[in-house]
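A.B. asks: Sequence:
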Amino acid sequence: MANDAGIGGRDEPSRGADDHSALLSTLDSHDLATAMAPSAASDTAVFDFDPGADPAGTFPQSIASGGPTPTDVILWTRIAPDTFDAAEPLAV
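Per the working numbering, the sequence shown starts with residue 84, numbered consecutively.
Hints are computed from structural coordinates only; laboratory data are not their basis.
Positions of the beta carbon are idealized from the N, C-alpha and C atoms, including for glycine.
Be aware that one or more of the hints could be misleading.
Here are the computed distance ranges between Cβ atoms for each label pair [claimed, not checked]:
1. G150 to A170: 25 to 35 Å
2. P153 to D133: 24 to 34 Å
3. P134 to D168: 12 to 22 Å
4. F132 to R161: 23 to 33 Å
5. E171 to S125: 10 to 20 Å
6. P134 to T160: 17 to 27 Å
7. A170 to S125: 23 to 33 Å
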């Protein structure tokens, strides 16, 4: 990261071997989830979740967030491959 504050007081992104271009390229080439208001869902079952489920077993690396604004946030995580079931809704 550069030492000078950039636009809006944020640091200038780093450029070089440790920048995020590879990550962004990978993210751009995969499906990403988008937010949805519960009232807009035709099938509200997609918002059902098991409150007794162990999140550490499903999300072993936890859940991280970044880029918050007054109206938005970015969440990311990695689901354990042996826990994922495409036929089941996935609540975060």
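A.B. asks: Please flag the earlier hints that this structure goes against, numbers listed from lowest up.
C.D. replies: Failing hints, ascending: 4, 7.
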